[in-house]
Amino acid sequence: MYDVINHLINTVFGLGWPSWAISLIAYLLVATILFLVAPFQMLFLTYFERRAIAQMQDRIGPNRVGPQGLFQPVADGVKMFTKEDIVPDAADKWVHLIGPCVVVAPTMFMFAVLPWGPGMVPLDMNIGLLFFFAISSVSAVGLMASGWASNNKFALLGAMRAVAQMVSYEIPAVLSLLAIVLVTGSLSIVDLIHQQAGLFISSADVPGIPDLGLGWFVFTPVGFLAFIAFFIAALAEGERTPFDIPEADSEIVAGYMTEYSGMKFGLFYLAQYVLNFLLCAITAIIFFGGWQGPGVGWLYAQAITPTNPDGNGLFNVLAGMLGVFYFLAKTYFFFFVMVWVRGAYARLRIDQLMDFGWKFLIPLTLVNVISAAIWVGLTKWGAAEGLAFVEGWAPLMRWGVAFVITLLLNIAAYIFLARVYSQAQDERARLDNEVLERLTNVA
Amino acid sequence: MLKTEELQINIGPQHPSTHGVFRMIVTVDGETITDLKPVFGYLHRNHEQIAEVNTYLQNMPYTDRLDYFNSMANNHAYALAVEKLVGIEVPERAEYLRVLMVELTRILNHAGALGFLINDMGAWQTQLAFGMREREKILDLFESASGARLMCNYFRFGGVARDLPPDFMPRLKDLLIAMPAFVDEMERLLRENEILLQRSENIGILPKEVAISYSVTGPMLRASGVPYDIRKAEPYSIYDRFDFDVPIGAVGDVYDRILVRIEEMRQSKRIIEQIIQQLPDAQGGHINPKARQNVRPPAGDVYARVETPKGELGFYLVSDGSLKPYRYKVRAPSFINLTPLGDMCRGYKVADVVVILGSIDIVMGEVDR
Amino acid sequence: MPQLSAEELRTRMRRDLPGAVLEAAPLQIVPPAHGSKGPFVTPDVLVEPTRLLDAALYLRDQVGYTYLSDIAVVDYLTDNLLEVVYRFYHLDGGPSLALKVRLSRENPELPSLTPHWPGANFHEREAYDLYGVVFTGHPFLRRIYMWDEFEGFPMRKDFPKQGDKYIGAEE
Amino acid sequence: MDLLIQIIFGLLSALVIGAAMMVVTVRNVIHAALWLIASFFGVAALYLLLEAEFIAVVQVLVYVGAISILILFAIMLTRSNEGDRLLTKYWWASALIALGLFGVAFLPTFTGTTWNMPQPTGPAGTPEVLSGVEELGRGFVSEFVLHFEIAGVLLTVALIGAIVIAFEERSRRRRVLTLAEELELRKRRQAAESVD
Amino acid sequence: MDIQRGNIIVMDRRRGKLRAGQGLLQGLKVVWDHWIGSFRKNENFSQIHGTFTIEYPDERMKLPQAYRNMPVLIYDDETGHELCTACYQCARACPPEVIHITQAKDPNTGKMVPASLEFIIEYDACMSCGLCAEACPFDAIKMDHFFELATDDRMGLLQRKADLNRPISYYTTIAPDLWDEVKEGAMKKLQGSIKRRPGVIGIAGHLSDKIAARRRELEAEAAAAPPAPADAAPAAPAGKLSPEEKAAKLAAMRAAKAGGAAPAAEAPAPAPELSPADAKAAKLAAIKAANAAKKAAEASAAEAPAAPVDEKAAKLAAIRAANAAKAAAAEAPAAPVDEKAAKLAAIRAANAAKAAAAEAPAAPVDEKAAKLAAIRAANAAKKKSE
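Residue numbers (our numbering), protein chains in the order written: chain A, 1 to 443; chain B, 444 to 812; chain C, 813 to 983; chain D, 984 to 1179; chain E, 1180 to 1565.
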């Protein structure tokens, strides 16, 4: 972006502006684009969700405003804007106002490190992944503030639940990413995507295989389990069914949003859907190769000719478009899965949610981290790390052994944990023997 | 040690999951319920006194409005009571038509009730939409037979208002093709689902002895393990001619209530199939031509009850020999099934209250009367 | 399927609970001036109000009719009494047995069955709300349909059908 | 470029200091906590300005995402008398003492630092080394292994301590019995009595 | 307990030993099948997949013949005679008691005639139970299929005979089989009651051509037979006029007179011409007429189940008054005082017209006329004030 603007201002118009001004303009421009993209994503996602879930229920869904009802979210947005903004008398006015803003702002920040396509990343941080999750944890503050400021039991309860849920499920989410980070050795999102080029297993290191862009981490046992755990945690972070307890309408009316109306309410919705989009996007990026896919690498290879080492313009553009298409398709597919899950399941109770997070998901992801270490040790390390016995193996052999071991370990861990967890659920259930024995003896 | 205070909260009267205008005063210790008092009467319209100023036939459409999900079953109970009081014979064909309608009602009620129950657990209406879809089909049939979808007002003393239209039977047969698929699908959605198991298993247990002493009826009683079905216990109409099973639960929790309702839909379908077989041989028209609708029963009292989808619906009628009932008492299943709500919820979490209430399957029109 | 008729029950109860069963007097439902349709004799067992609990427990524990289905109150204005009908069922099936109790309209008082049949709770509250029958020993005898401040018992036959302090007297 | 950074630095410093002032002066405890969060944020931004991305992100993750939430939870769970006037009559004395102590602590730093530092001319990879995750991880398990382990043990001890404080035996925690349990209890008591 | 013809089955709570998400996947599969299936329409009752939605305003469900919504009265297409004989059976059968009937009287003899003078059903309280249609021995009251009754005007749901009348041809379009069942008996009974109906009594009021035809017929009969029967009976069944209604008529006549026009009683009024000299008188008349019309309209809505014709008269008066006011306002180069009076009159006339339009459930044509008048009056007043 900097180059383009620099070219435009200093070469085409010949204004000779200093570099800081140009970079300021470039950043502002990118930021503006992102700020525009986010609400549009939200509008489309709400429409998409309503249509999809309606079809799952043998209905049609919104189809009156515009072609196929495409403008329904616009109409809803206009309604939101024109609604009266009600601030309860007993509310803390300023905090009540700041709450939704603090919830929305981090979701916008998170766009900063999101790669849309090859080379299309606003800010390639070398700790992009960490940034993503660090920023996402900020919105908890906003939830807390808005729940408290509303001065309403339901709102406070909803905020407490939301924050507890977010904080709890951040751990499995980060742990499952940790496994991937172990494998890649990098926290840069762009780097992560580049490592998923190749065929099937990127670290297999088999020569002569064409770049099909299918070296997605989800195809490894480690990556698959991490993906499952991460997606479940993402459902909880994005407050999607079956973890939408903070806004459980059958219990605590609308949670922290109870006392909000008009555009402030809309901001919560915006934040929620944008966050959902981002979570889907990051799932697609980390486990499904982001813009990687069959054809992107090939197009790039075509672009580079001896005469033009930087790449041919047309092929570059084509590759970029294909990459963006892959990325968006994957992202929307995951959003569809979210909708699908919402269409199929009921909601957990808050204590069951916490149980599931702490007693099932976290141990599972911890085991997965161990698997990842085994994987890295067998496929990457060698004598220098004390694994001299693998030195003699062929690369394919190393890869195969690692695959089998991690697969068995993960399956065993999953079945073991599932059994322990469901037994714990059963035991807790009908009669509490401990209590009964104590009380019988008391009498 | 951490201490929690007891706190009283009101759930309702205006709350998304109280199934109407219904209030629960809940005392909680942390999240655990120590006491729950149901409060109702917001829909009270003194139905019984309205009935005392109407003639017997004029009450028929009012019984529709008791439990508006199952107007046919309500009509049946009332028609049985008046026929018993006056001594009206019902032709065979009319009996078949009655049982057909009532069993369809049972299917539609359970389809809806399960959907609403899962909705209370937080599902986003999918199960409800599936249930409602089947319900709408049955309502279409009701509409073509009786003229209305909900307030059918189809039963008359000595029969039913009119015979089936010609397109009824083909559509009914179509419906019976869809019904097993629908029930299986519902079961697949509900039975093994881990989330649903967590939310319903061992929640709101009502043990057998307690259920009996609480006079609980219908699927709730059977889910507690008491095989008491009025269709079997005191066969009315022509229920002694059909083969069907009585499903009972083993534990008496919400999950058992779900399973019992699913199985009852299957059994109702069995009865309907038998009706379709036997109907062509049935004698008599849709109504006893000798039966006067403007009845003037002799002085006396009568109690007649039927097994509605929600439980025992009874009408206690006292006649003084005039055109209007002297006393008209409704023994409403939803009303009595609500009695153990407080005890059932004790010791569970706040979020479970909604589920337990949903599993009772109440209709406020019947509770408040 | 047990088939115990009211007559059989009456003889058994006469034998086992002496003094509890009363002879049912015929009821004149409407005043003769309105054209009497004849007296009405109930076939069911009429019980002395103070012995109601004994009779009900006898029915439950000795006869096996454990299921209390319904409690209905009827206001016989011309006879100046309230009749309370308790209906019991056997869980093995079969028709019901009813116990009837007659009370004066001025001071209707009955022992509550709620301690033994918790299911009687709402029935008795309803009877109290609409007819003013007081059940001694009921744990929470409050109005159930009408609001707590409501005066009068709306299902009684002498409750003004039109015009009261809530609607206005003109109508 | 430098000018821009100077301006941003000034603004951020003003934000941090202003927010910190608000933390200690504002009456409402929740407001104070929120101002504290703002201050944390400003500090993170300052780190970012120094191109210490990793530290900045960790600052956000730990302080904003975790510690401030902890503080908010603590405040909300312990109902204190909010809005009391916290300043005493002799606030100026305490201010003087605080300033003095701060001076004593700051003086060695002030005198011992060469302020006119030359521009770092070392290899360009230096910041990379500081914030690279892999290097950081290697540092933790090789050079700083003792610190790392001690911190880990300390945190584990704190965690166990918290559990010990909050733990209550399950059989004592449950005070309300469900209907089925009550029934079972009655049966068991009867059985126990009949044995006696 | 033992059960005949069937078993007691204890529900099997057994499930897979290991709960590891199989049930969740099963649920997803079910929903997926529905999503895939939703791209086509569901055709009949035997399917559980496919979109079921009926996009209501665009497509409509075919209503079954037995469908019942609100009761209507039916009349014979050929003669225009209503089937209703005012026997009160429906009123007696009605549980919420929303049917009110007035039986027609022979104006000459004062005897009751088997026809209704007025027939009112309060649609707002009707519970669509269909007992009235079942009770009717003459098959005169039937249940309509029209269900889009939603309105913000609750009093508009008080349906009079003019609103309730439907021809048999309409009923046969919605329920041909049901009509065929009862057709013969109903028509026979109708012939019987027509014989006992003198004059034009019993003919649906809005069928002016039928009434006229019947009247011609009667005249012809009268010409043929010397002792003339009640051929002079007014078009409207002679109800007793309330003083307000009389006043309204009087005012209307006066207004008309002031305008120098003498309109026929039944014909639509020609535009009154006004000479400037008569302006004041016209204004006065207009005011009076407006007041009277208003009163009459109120009275008719509030108390008396007035005949539609009287309402028409009131409306007519209002319209005329408005016209007069307009004319006066337009043509009189009057003093400010007069202007005021003119405006006042115009406003009043407008109000009266509005009231008449709002309170009297009238045929659309009349409403339109009233509204038009009101608008005209308002415009005139505006012009004048400018």
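Source of the hints: derived by calculation from the structure; they are not laboratory data. Please note: incorrect hints may appear among the correct ones.
Said to hold, decoys possible - Pairwise CB distance ranges, derived in the manner of DEER restraints:
hint: 1; chain 1: C; residue 1: Phe962; chain 2: B; residue 2: Glu449; range: 27 to 37 Å
hint: 2; chain 1: E; residue 1: Lys1208; chain 2: B; residue 2: Glu474; range: 47 to 57 Å
hint: 3; chain 1: E; residue 1: His1385; chain 2: C; residue 2: Gly964; range: 46 to 56 Å
hint: 4; chain 1: A; residue 1: Leu123; chain 2: D; residue 2: Val1136; range: 35 to 45 Å
hint: 5; chain 1: E; residue 1: Asp1388; chain 2: C; residue 2: Phe962; range: 56 to 66 Å
hint: 6; chain 1: E; residue 1: Pro1236; chain 2: B; residue 2: Val482; range: 35 to 45 Å
hint: 7; chain 1: E; residue 1: Thr1351; chain 2: A; residue 2: Leu70; range: 56 to 66 Å
hint: 8; chain 1: B; residue 1: Ile468; chain 2: E; residue 2: Ala1304; range: 29 to 39 Å
Note that the structure is a prediction, hence the values are computed from the model and not measured. The beta-carbon is built from N, C-alpha and C at its ideal position, and this holds for glycine as well.
So, going through the hints one by one against the coordinates:
1. C/Phe962 with B/Glu449: 27 to 37 Å: 30 Å, holds
2. E/Lys1208 with B/Glu474: 47 to 57 Å: 34 Å, violated
3. E/His1385 with C/Gly964: 46 to 56 Å: 50 Å, holds
4. A/Leu123 with D/Val1136: 35 to 45 Å: About 38 Å separates the Cβ atoms of A/Leu123 and D/Val1136, which means 35 to 45 Å holds.
5. E/Asp1388 with C/Phe962: 56 to 66 Å: The hint (56 to 66 Å, Cβ to Cβ) holds, given that E/Asp1388 and C/Phe962 are roughly 60 Å apart.
6. E/Pro1236 with B/Val482: 35 to 45 Å: 41 Å, holds
7. E/Thr1351 with A/Leu70: 56 to 66 Å: Violated - the Cβ-Cβ distance for E/Thr1351 and A/Leu70, about 45 Å, lies outside 56 to 66 Å.
8. B/Ile468 with E/Ala1304: 29 to 39 Å: 35 Å, holds
This entry does not satisfy hints 2, 7, going by the numbered hints stated previously.
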